[in-house]
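There are 4 protein chains.
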Amino acid sequence: MTAARPKAEGPPQPLAGEPAARVLVAGASGLAGSLAAELVWHHPRLELAAATARSEAGTRLDRLHPRRRVPLYLDELDLDELEEVDAAIVGYPHGASAPVVAGLRGLGALVVDLSADFRLGDLPSYERWYGPHGDPDLLEGAVYGLTELHRDAVREGELVGNPGCYATAAVLALAPLAAAGLAGDVVISAASGVSGAGRGAADFADVSENFTAYAVDGHRHLPEIEQELAAAAAPPAGEASTGPPHLTFVPHLLPIDQGLLASCFVTPARAVANDELRALYEERYGAEPFVELVDAPPGVRDVRDTNLCRLFVAAIDGGERIACLAAIDNLWKGAAGQAVQNLNLMLGLAETEGLG
Amino acid sequence: MTAARPKAEGPPQPLAGEPAARVLVAGASGLAGSLAAELVWHHPRLELAAATARSEAGTRLDRLHPRRRVPLYLDELDLDELEEVDAAIVGYPHGASAPVVAGLRGLGALVVDLSADFRLGDLPSYERWYGPHGDPDLLEGAVYGLTELHRDAVREGELVGNPGCYATAAVLALAPLAAAGLAGDVVISAASGVSGAGRGAADFADVSENFTAYAVDGHRHLPEIEQELAAAAAPPAGEASTGPPHLTFVPHLLPIDQGLLASCFVTPARAVANDELRALYEERYGAEPFVELVDAPPGVRDVRDTNLCRLFVAAIDGGERIACLAAIDNLWKGAAGQAVQNLNLMLGLAETEGLG
Amino acid sequence: MTAARPKAEGPPQPLAGEPAARVLVAGASGLAGSLAAELVWHHPRLELAAATARSEAGTRLDRLHPRRRVPLYLDELDLDELEEVDAAIVGYPHGASAPVVAGLRGLGALVVDLSADFRLGDLPSYERWYGPHGDPDLLEGAVYGLTELHRDAVREGELVGNPGCYATAAVLALAPLAAAGLAGDVVISAASGVSGAGRGAADFADVSENFTAYAVDGHRHLPEIEQELAAAAAPPAGEASTGPPHLTFVPHLLPIDQGLLASCFVTPARAVANDELRALYEERYGAEPFVELVDAPPGVRDVRDTNLCRLFVAAIDGGERIACLAAIDNLWKGAAGQAVQNLNLMLGLAETEGLG
Amino acid sequence: MTAARPKAEGPPQPLAGEPAARVLVAGASGLAGSLAAELVWHHPRLELAAATARSEAGTRLDRLHPRRRVPLYLDELDLDELEEVDAAIVGYPHGASAPVVAGLRGLGALVVDLSADFRLGDLPSYERWYGPHGDPDLLEGAVYGLTELHRDAVREGELVGNPGCYATAAVLALAPLAAAGLAGDVVISAASGVSGAGRGAADFADVSENFTAYAVDGHRHLPEIEQELAAAAAPPAGEASTGPPHLTFVPHLLPIDQGLLASCFVTPARAVANDELRALYEERYGAEPFVELVDAPPGVRDVRDTNLCRLFVAAIDGGERIACLAAIDNLWKGAAGQAVQNLNLMLGLAETEGLG
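So the protein lines, in turn, are chains A, B, C and D.
Quick note, the first sequence lines up with residues 1 to 356 if you use our numbering.
Quick note, the second sequence lines up with residues 1001 to 1356 if you use our numbering.
Quick note, the third sequence lines up with residues 2001 to 2356 if you use our numbering.
Quick note, the fourth sequence lines up with residues 3001 to 3356 if you use our numbering.
The shape of chain A in the complex, shown without the other chains (with noise of 0.2 angstroms):
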């Protein structure tokens, strides 16, 4: 594949030494698809072949989103013209992703996908959620790519589907609990930035120094999350399953723009100590770059910007509930962020490169 070299005015796409792959990033116009973009331009390992837009070719990025340090002209996507593209991130809504991806692998080019089209191992689950889905038989070998807990098949996969912001945050909180067998009974109350529901989604009249619920009775991110759970929770071969959780997931709209906090609520099978709870969360993310244990309940603007998960975990009311609050920035390490993480691994490069 060959993209058009990028049309760009002004200093030119700050790389060092050789390019380790041409990365194309289709649906650039959005909030995760524009940060995407500038996360590929700005990193030191990957040159940015083209940056493409349904409905904004023409438009200089940083001119549409003059936050995002873009000299770059948006294009039409046409995968007839593509050559030497190597991988892609694509920021296509559900539904209207998959036929993308279907031609972007076709073409050879790894693939992360922004959108909800590969995230459900389960088709049925999808299409109930979704609707129909635009290529079914893509779905089997699509990697859920929620890096801490599937970083091996990430480094084998060539599509990977980049989890749902709530869900990040929720299963990184939750899955050491749900591989403990603590996980019995959840609830899940999560809040989010505006920029979580996309451009153009919320009136600032509606949205500002106010504070609501939405999606009360079922939010399309639930599934990703019990499907996520239940698999940290599968028992070793010969052992009797627990069973799936009792999961509730309420999320509420917060009246600021990027940030989200998970807050859970776990009543444990049995009562439990925080130094017991304490390890088990050292064990499973102490090495981790991106998520950070901390000891005092974290607040969202304290990882914006930044592909960070802050992880707070105490045992509360005498032991018989853990409280879990996991605070991302949507747009990083809900979105475009743990796109990139994805994408190091798929192409054998520090998974850390270009997220600083």
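One or more hints might be untrue.
[Unchecked claim] Facing chain A, a subset of chain D residues (Cβ under 8 angstroms, in silico):
1) 3066
2) 3067
3) 3080
4) 3081
5) 3084
6) 3299
7) 3301
To be clear, the hints were calculated from the coordinates, so they are not data collected in a lab.
Ideal Cβ placement from N, Cα and C applies to all residues, glycine included.
Based on the hints, put chains B, C and D in the right spot on chain A.
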């Protein structure tokens, strides 16, 4: 008791005819106390006898709080000089309040106390959360002023302990379930604007664009919530109690000034349907002037600057969990508004007077 | 004219005795129109005959705008069906308003128009800024509804063009200087909350945490300001005019919902002292119910949800410059509040009625 | 000078090879000082020798400021113990800074001082605005560190007084006009986020949803602006000066954390056209790495967390007024970012190093 006539500049207090009572607001320099003074000042049937403050005496209230339309100078409180005061709202900090309340009661004034000093009927519980009590003898006759639950007692009361803001929202949300024996296991994930923490409590740089949990291992409003839900769940004489619920309460700090949402998640003893829930709440609150049952999750800004509690209840997860969401303005229904609501009842006035 | 009785749920409109007039609010789905409907609904002397909207008919107003306490369904506007309507507030967009106003005037209703269609006495000026006018003949009898400057004309008026929000603040700030021949050279650097731009105008992601100027080369409120300052500066018969001031007006967008500050910097023809300025403003506005002269720079949140204009004036730079700062709520004194203030006068009611 | 090696937890300082200099940040507990420490910590060529604070010694910097990625404990400053420190950034308050700077200079360290102590060349002017100076003798050799105007002097300087945030934006906006003799009469209406006032300076309840002017009769950054515009306007030897401009500067407080906009309105001696203005600014700033000339009014969030100044200039009102709008991040280009920019030059490094 006589209070020196308030030294007011600007327009006189807008009264419709002879006042029903002369009311002192003691501790009127804080956020809740100053709102109480404003509500009394504009109340058609109450006369603001004086507004006092410990450290801001001599300052005009609308200079100290430019949003309060009260052209009145703050006085020092001198109980020996007070005359002709029929009632008082006291806005002192926990611990400092009890002695002032005792003095006012000694002068025969009806009192609504905004602090925690008269909320908990159980002295050891008070001492555990707040330290030594300033006047334990007064506790006995005090009424917990969650109006909708204790209207008759408030009407007869001479000393009302006004509920905490979180407790107001959570107990209103959960009392119908508790009374129906449905509140077996409860998680309350609540969030409040900054004014809930008092003037000067929050540095802008720490709060803006942020969202974080606090007091994860126990917040002072918890014993109020437990007390009231236990009372609501008390079985009729002769029947066995269902026991206290397993209750978790974790507050969060919102990057806004006013507004509080209590998101309550209840695991009922048996599966329930929406019709049953709606009927339960309609029966309990259908005639309440300040409780609105709504059919979509309420936003905190929709009740800002009102004494309303907007309540949404829904059976979720196939009836195996109940979500109850209660939105209030923490300074109104969560503090000064409810204080006036209670005072109206104590004085034989219409409950809604001065709260339009 | 008769309007079908409003199909209200919930409590009936709170009226004190027989209404003085039945009032239609046409175009009640927008931010200013819906506030006008709310103010009329709660007005002690006005009856809300109907609230109409072009595309939202059939929706309950307090569902569309949860903060508006009006349990009333929006109607379609059908002038042929209207009866017994004494007056109307019209909240249509510029250009679309004139034909509706003409129809209502033809039915004999007094009209306050919130659009720009009846603000500019000079037709070519209107056409330059807004395009063709929908009913130029009506322009002649229209009164510019900046109440404090044109109270007598408003009282006699049958059609009032309600001022723009920026013009309201800027002209109130500057008129005393213009009348005193002191407003030779004027820079107005103003800032407004997002609601000034109308519902849906601002994407949260563009506005939050931001501050920026717009319309630097000319904003539509400029000709209003010029018209009114020229009128205020008109010399008595027989004296020479000082000529129009050199006037620059640049607006900025604030990351808040409601509130507008006009920061005016005037280079006077001669050095002036604070005493002279204070006397000038005191004389002009001392008796005004909705203008407050303050001795410190006013904040926009201090006048939020009120019809007040808070004004601060000071001689600075050794008397060689004058700073006038005017804070209003753009939806109240800058739109719907002033409309009711004008309507009160047109109907012979007390000017402040329903605006407490 | 030797500083004890920083007691760091977590990852070591990320350095690329041998550091060019060991840098002390004294006064690193404030908003600007802590950012300076973070910028030095992540600087590829500088080594953070120590970060000291007067009252927070012993606290880990990223605990005190959770957004700062510096796993380093704050030390007490003990000049007698310091060794091997090549340079320092000092973040002490005005007045307290001069003695510390004197001590560091005595040890031979290059110093960038963030306070006002070394900004004003004229001692009486300093004393009028700030009170007695702590070390007047040091004033003489100090360089005013607005890099774009004094690059050569900074490069040679041993003590640089880093400019105030308002002065940085205003002088960058106006210097080209002053140098061209066009800045005869100037009104600067500026607005800053809360962090400009320092940690703890702003109560959330006073700032949120608000906008207000302050220091209307004179702000401390005014003499800096006057000093620099007078210098910029200095005629070549032998020509007559056009005299100092008539300058008004009024700041406003924005309800955001970071960001500053200077909206400058200039009455030129003669009418000017946009082409001339654009050419003037292009010539002056076209090659500057941190000044971006933009063709639409800049928003403060577009430069947040960057060292950029975005500048927009336009002839308005038929060329009889010039609008110059300059947006910066008050903590970066307005404080710590510019300090590192200056330090880079003083140390012979690339000016942009560590500021990407």
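Status of the hints after comparison with the structure:
1. 3066: holds (4 angstroms)
2. 3067: Constraint on residue 3067/D satisfied, holds at 5 angstroms.
3. 3080: violated (35 angstroms)
4. 3081: Violated, because the Cβ-Cβ distance from residue 3081/D to chain A comes to roughly 31 angstroms (cut-off 8 angstroms).
5. 3084: violated (27 angstroms)
6. 3299: It holds, given that the least Cβ distance between residue 3299/D and chain A is near 7 angstroms, below 8 angstroms.
7. 3301: holds (7 angstroms)
Violated hints for the displayed structure, listed by number in ascending order: 3, 4, 5.
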